[in-house]
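Colleague: As given, the protein sequences belong to chains P and R, one line each in that order. Residue numbering for the first sequence follows my numbering, starting at 1 and increasing by one per position. Residue numbering for the second sequence follows my numbering, starting at 1001 and increasing by one per position.
Calculated lysine to any residue pairs in the SDA-like style (CA-CA distance at most 20 angstroms, straight line): (1) P:K75 <-> R:V1299; (2) P:K295 <-> R:S1141; (3) R:K1327 <-> P:F173; (4) R:K1327 <-> P:V135; (5) R:K1327 <-> P:G150; (6) P:K75 <-> R:G1302; (7) P:K295 <-> R:R1140; (8) P:K295 <-> R:R1135; (9) P:K295 <-> R:P1130; (10) R:K1300 <-> P:R130; (11) R:K1300 <-> P:S128; (12) P:K295 <-> R:Q1144; (13) R:K1300 <-> P:D125; (14) R:K1327 <-> P:E134; (15) R:K1300 <-> P:H63; (16) P:K295 <-> R:N1078; (17) R:K1327 <-> P:R143; (18) R:K1247 <-> R:L1439; (19) P:K295 <-> R:E1139; (20) P:K75 <-> R:F1289; (21) R:K1327 <-> P:M174; (22) P:K295 <-> R:I1136; (23) P:K295 <-> R:L1142; (24) R:K1327 <-> P:L151; (25) R:K1300 <-> P:E134; (26) R:K1327 <-> P:H248; (27) R:K1327 <-> P:V144.
Keep in mind that the hints were calculated from the coordinates and are not lab data.
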Amino acid sequence: MSPRKTKPGAELFPVHEARLPNGLRVRMVPDHDAPVVSLYTFFQVGSRNERPGITGISHLFEHMMFNGAERYGPKEFDEVLESNGGRSNAYTTHDVTVYYEDFAAEALDTVLDLESDRMRSLTIDDRSLRSEREVVKEERRLRVDNEPAGLMDEALHALAYQSHPYRWPVIGFMGDIEAIRREDCEAYFRTFYAPNNAVLWAAGDFDPDALVRRIRKAYGDIRPGPAAPRVVDAEPAQRGERRAELRHPSRAPSLLIGYRGPAVVHPDTLTLDVLQFILGVGEGSRLQRALVYDKRLAVNVGVDWSWRRDPGLFSFHLELQPDADVRAAEEALYAEIRKLAEEGVEPREVEKARNNLRAHLLREFTSNSGRAHALGTYEMFLGGWKKGFALPEAYGRIDAPAVQASARRWLDPTQRSVVTLVPEEART
Amino acid sequence: MNAAKQRSARGSGTARGLQLHRFETPGGLRVTVAPRGRIPLVAVRLVLSSGAAVDPAGKEGLADFTMRLLRRGTAQRNAHDLDEAIEFVGASLGLFAGEDQVAVPLTTPAEHLPAMLGVLAELVRSPSFPDEEVRIERERSLGQFANDVDDPSLLADRALLKVAWAGHPYGHDVSGTRASVARFQREDAVRFHAAHFGPRPAHLFVVGAVDPAAVAAQVEEAFGSWSGGPGRSTEIPAPAGIGHAGKVVVVDRPEQTQSQVRVAGPAYRRGAPVQFAAQIVNVTLGAGFTSRLVREVRVKRGLSYGVGSSFDTLRAGGLFSVSSFTKVETTGQLLSVIRGEVDRMRARGPTPAEVEKAQRYLAGLFPLRTETNESLAAVLADMVLYGLGDDWLDRYRERVRAVTRAAAQEAAARYCFPEAPVTVVVGPAERLRPQLERLGPVEVLSADDVL
Chain P
1 MSPRKTKPGA ELFPVHEARL PNGLRVRMVP DHDAPVVSLY TFFQVGSRNE
51 RPGITGISHL FEHMMFNGAE RYGPKEFDEV LESNGGRSNA YTTHDVTVYY
101 EDFAAEALDT VLDLESDRMR SLTIDDRSLR SEREVVKEER RLRVDNEPAG
151 LMDEALHALA YQSHPYRWPV IGFMGDIEAI RREDCEAYFR TFYAPNNAVL
201 WAAGDFDPDA LVRRIRKAYG DIRPGPAAPR VVDAEPAQRG ERRAELRHPS
251 RAPSLLIGYR GPAVVHPDTL TLDVLQFILG VGEGSRLQRA LVYDKRLAVN
301 VGVDWSWRRD PGLFSFHLEL QPDADVRAAE EALYAEIRKL AEEGVEPREV
351 EKARNNLRAH LLREFTSNSG RAHALGTYEM FLGGWKKGFA LPEAYGRIDA
401 PAVQASARRW LDPTQRSVVT LVPEEART
Chain R
1001 MNAAKQRSAR GSGTARGLQL HRFETPGGLR VTVAPRGRIP LVAVRLVLSS
1051 GAAVDPAGKE GLADFTMRLL RRGTAQRNAH DLDEAIEFVG ASLGLFAGED
1101 QVAVPLTTPA EHLPAMLGVL AELVRSPSFP DEEVRIERER SLGQFANDVD
1151 DPSLLADRAL LKVAWAGHPY GHDVSGTRAS VARFQREDAV RFHAAHFGPR
1201 PAHLFVVGAV DPAAVAAQVE EAFGSWSGGP GRSTEIPAPA GIGHAGKVVV
1251 VDRPEQTQSQ VRVAGPAYRR GAPVQFAAQI VNVTLGAGFT SRLVREVRVK
1301 RGLSYGVGSS FDTLRAGGLF SVSSFTKVET TGQLLSVIRG EVDRMRARGP
1351 TPAEVEKAQR YLAGLFPLRT ETNESLAAVL ADMVLYGLGD DWLDRYRERV
1401 RAVTRAAAQE AAARYCFPEA PVTVVVGPAE RLRPQLERLG PVEVLSADDV
1451 L
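Bound conformation, chain R alone (with noise of 0.2 angstroms):
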């Protein structure tokens, strides 16, 4: 254990009395521990900062298809007994794949703390992709994308992806396509763990009832050997703008009676600085239930049970879109009140008395943001992938705060559509395109094309 690289953060105005502490095993596993609460539960949060992004191109899925497999065999123990050893202590391990990250997520009872430590070292660091697990996988993985066809929400987030981000490594999503799901080998997998896993590009974050000095044993005692992995993350490069702009994008589902919609535009790396003006006018266009779109498309309108407004940011780049549903007839008149909501927002930005009532909302609501063990260990993550500072959880109220109403219009000039979107509709094509045509060339594509 490099005992010189330990320090302790002093706590926050969020979290009360919050404590880092950080140290960095020999191979090179930064390690944060923030003790907190009476609950004997604890959360671990391992993350790897390589996710779908890096997906070999015609291997679309990869990171998420190899994480998946982490748990169904290593060196030591086969699917069985690794699901054994970790749910017969009432723990539970989740394997998740982001565009930017691979992350295991693992909750456990405090007790049972090191053997659980011990697990997860045994996942990332010797799992051994047993040919007849990759062939279950893989069939399982397929018959998922047949019953993913029919939820259209997620085929409308699907497709949105793969237009909006099309020719870019974020232009898929992390589950990947039934094209290349199907060609998945043992050797895939293998390969992508040779080539993104080992303690260099990693982070350890435990976060609960612990004694940090403890925690540093344990984390010896299971990581201490690790060795390896790639010391720096593959570059993604900045997208061009986005694709498909200025066209409708119809996925046709017949038999709907009700549309799915999507519009999006591009917007700003995590982490830029113009991300807290940005947060004030999506807070005052799009969330919570007193937005802008809410009192026009459900409150006035009733043509929405919901709509929304959000940034979704990642290290290369990022999309701000609206999404929401109404029945097929009224497509058109949802599509014309969102983007007229969103000119409105361009053209003027928010009110000072909407400046002021969106600090105070996201400044009330933050501390909510870390107060489970697993939310915060998921926001501690999230400030060292995406370099947010290690003052993030102190400033951000302050941040907040500080918006300045020239700087929400700035932002809203910036990311409010100033270019022509390009809106994503699921829905029965041919009912559908009347109504569309006027918002821009119409493409129809079937849910295959998407899946």
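Looking at chain P on its own, in the form it has when it is part of the complex (with noise of 0.2 angstroms):
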């Protein structure tokens, strides 16, 4: 059976699909500028499905998947992928786990054999746990133990959230990692590395009816697995600010303080993206213009609107000049904020808005790896890649009125978390 072939309508370029009886999600992007393709692995698992003694499993898990499997044995994925002329890699985040792969299109076939062999038999065994602990652990002290920013991040959502799985860092407590058993391990994997808990994306040099058979050959054997526990969020209301301090010795004080959003497919989604643009991305945008060049207060400001499946973060990070007064940085911060919630946005700042977003997107489609990546998250998180080609349209349709509102009700000073980075001498 061939794959169905979508209409290029408002997309930029054809998608075929398929689905595996065992629910494996096939999307083929076929493009023969280059002798390359690019294959991405989403699995709709992230640290959201760990619970309190095993956080950072699902990202412990991501380096266990390297491992080996029934035919390729230890560290043979890498091996037979570097061979053959490919590089892979993977991230977790707090919703999902991916595993992508760029190689010669020769190797194409290979590809196939490796991930799908992983999928199938994964190997799970006490050495290469103990090993992948290890090489975790150092992860953790690169990203957060010793960088004040993975620090800020980590005391940012432990404050934000008191009862959903977005409160701990989805590379896990230092505790934790050391604790995680293969017995975990296993569960984890029959759970959420089933076909029917994944979606495959190829893009590249390759014809999709070929590579659709080539597909359902290694894959189609593959038993799926049980459905995921449903997450539960039991996050209790906001009921006012809330503030922590983080001492360590830097030079610099900083800010990050967050505000609790809606989950993706909330409408408001979109008219926040178009507000982060407005705030703070760009040399001139709202905050850039007021903290960095006309106050000073700011070396570096940062707004992150990363959309989440459960309600998320809109937050602001601060990188402050060494001697500005943290009080003064924070106030001007809400000054700016007030001013839009108060005054509203001018047309032509969506506008400019909303031809970044659309920029942003034509940027990502540029490469293979770029197609399936983008693809691939917009049918994770809007539930559909085709929302994804819909996306300039929808913003299209936010104006300045929809931009204020959404600051009003979401940059609610009773909802927002506040982490301030104090520099103090160093204790050894």
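Each chain sits in its own coordinate frame; assemble them with the hints.
Modeller: Structure representation (structure tokens):
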């Protein structure tokens, strides 16, 4: 059976789709400009599927996926891939775990063999668990323990969430990384790494009809897994500002402030994308001008609105001048937010944000890897990749009053959590 | 437009059907246009062939500082209007300084290319360096140093540059130091711009869904009357070996629980014929996830999350280095493993199977290096800047495949630290010292000595 090809409409390029009887969803974006292919495997699992005691297992497990399966032994995955002119990597977030390979087109069959082998029959043994545990501990030391931004992010999530699994870091707590057992990993694999919990995206130099036949051959016999347990969002309402202070031997203070936002499927998500641009993306954005150039309190300003399956955080990261008055910087930020909420935004600012969001989307589509990754991500978060192609139109419907209404609703002072990094002398 | 100089180079095996259209403006700006793809986004890159290596003594960081000021005001517009002109249409424009070059990478929706070429020309032709903006940028740069201290990996990279290239024009980070940046005045930027900017040392690259004839007219409009600039770039002397050879330099960060580690020795100039054999050595020793270093450090011993080697090569010379990190307690062990693997590589080189594997790895991944319009523009720029030759894209894979084991062994013998390397460690000096003393004389610096 041939894969179903969508009619090019709003789409910039055709996407071919198929679904295997075991539930594996397959998406293909052919492009013959260069003899290369990118393959992405999205698993609908992340740290939100964890529980206390095994925090970090999603990410640790990502490491275990390179430790061999039935046909290809320990570390053969990368050995075979790199010997065939390819490279691989993976990442884990709160919501998804993603594996990807970029490689010379002639290695496509080999890569499908490698990927399906580990989905079918991953080896999970104590030896590789011991070794990967140490590697992950070093990764945590790198990204969190010795990195102020990592420490602050951990503190913000612990402050903003009381019940939801978003309250722990994706990499997990050190004690949990040490405590995760082989049995935990086995149960995790059975539930979350089944074909019915995965979407395969291929982009590059191939014929989609031939590819779907090869995918059926490689993945067809893998048995589906049980439905993943529902993640309960029992997060209680926030009833006022929360604050935390972090002391660290750094030279300059900084601030990380997060407001409780909606889940990705909420209609305001896209309005908040626009708001993020107006406030903080680009040299000419409101906060860059106010805090970096006019008041000169901050060295850098970042605004983050990362889509999350469950209610996420709209956050501001201010790297301050070493001698900056932290309270004044915080107040200056709030003043800008208040101004926006009270006076609204110019239609031109909304148009500018829309132009940038469209350019961003196009930029993602300029490589095989970008196309597979962007569309796969839209499918994971929006519930369908076509919604990715429809984004420019959806942004086009957002006007200045909608942006103001969203700012009023979501940037409410009672819904924020504030983490301050306070420099102090090193203690050895 | 000098039509006589226009020619096309027939495309390559890596990006099918790529055609390069070249021409020169009357003022001497050399332009390369590479039409490709359907996505209506165009990458532009303007490159000038002088960078941080020509920063005046005591004014380290000036090339970078001058670049950042380009967007803060021109004869025609102030910073806000420039930002608005670029960002309103969804374009993005960077200002980059390297050791051998400064560059303005620009990505724009195709329909705004003519306007963005106009902005680009305005930035490089008539920056006004307003006093107030100079002051703000200086303060911001100084503030950035304070934030940079908190990044151990960045500290290690900067310390390595400083000690390995000691006394050489490459021996400072492009952002300079707190002391040098604090001295910057408006006149410094004005002088740097007057001395190094102009069409004669410049190249412009345009890659994307464009019509070359239309681009030629647009370039003429924006840059046609631009003239001047130095005819040749300043000669950078070849380095005489590396600084601090045989020493262990520790940047003291008492609170860290993890050390950042760099080990380096001298390498070759960018574009030297040995590069292909050297890359085979590098891939085998420390690139990708299956290198000898990854196997010994990460897989077998769980000592680190990451370890890698690289040749960082520039116009006048290069460094071969190994980078990694580990908890403080195992820093000495990590360095022993690294040194052991480099020694083993130097003694025997890669095996025949390793040579073949590295060839397939490099050749297979090569097309990805030019996959996006931005990355192709950057590679085209490097081809010109470093004299890599017009056939670089076409023949890269063939040249990699032609490397013999003997050539790889020779490259290994030459670059895998035949003389004692310099070692840089960022971490708690007191706890590290006992682990490091057997590797060579230990010298302790503070973060302030580095930034």
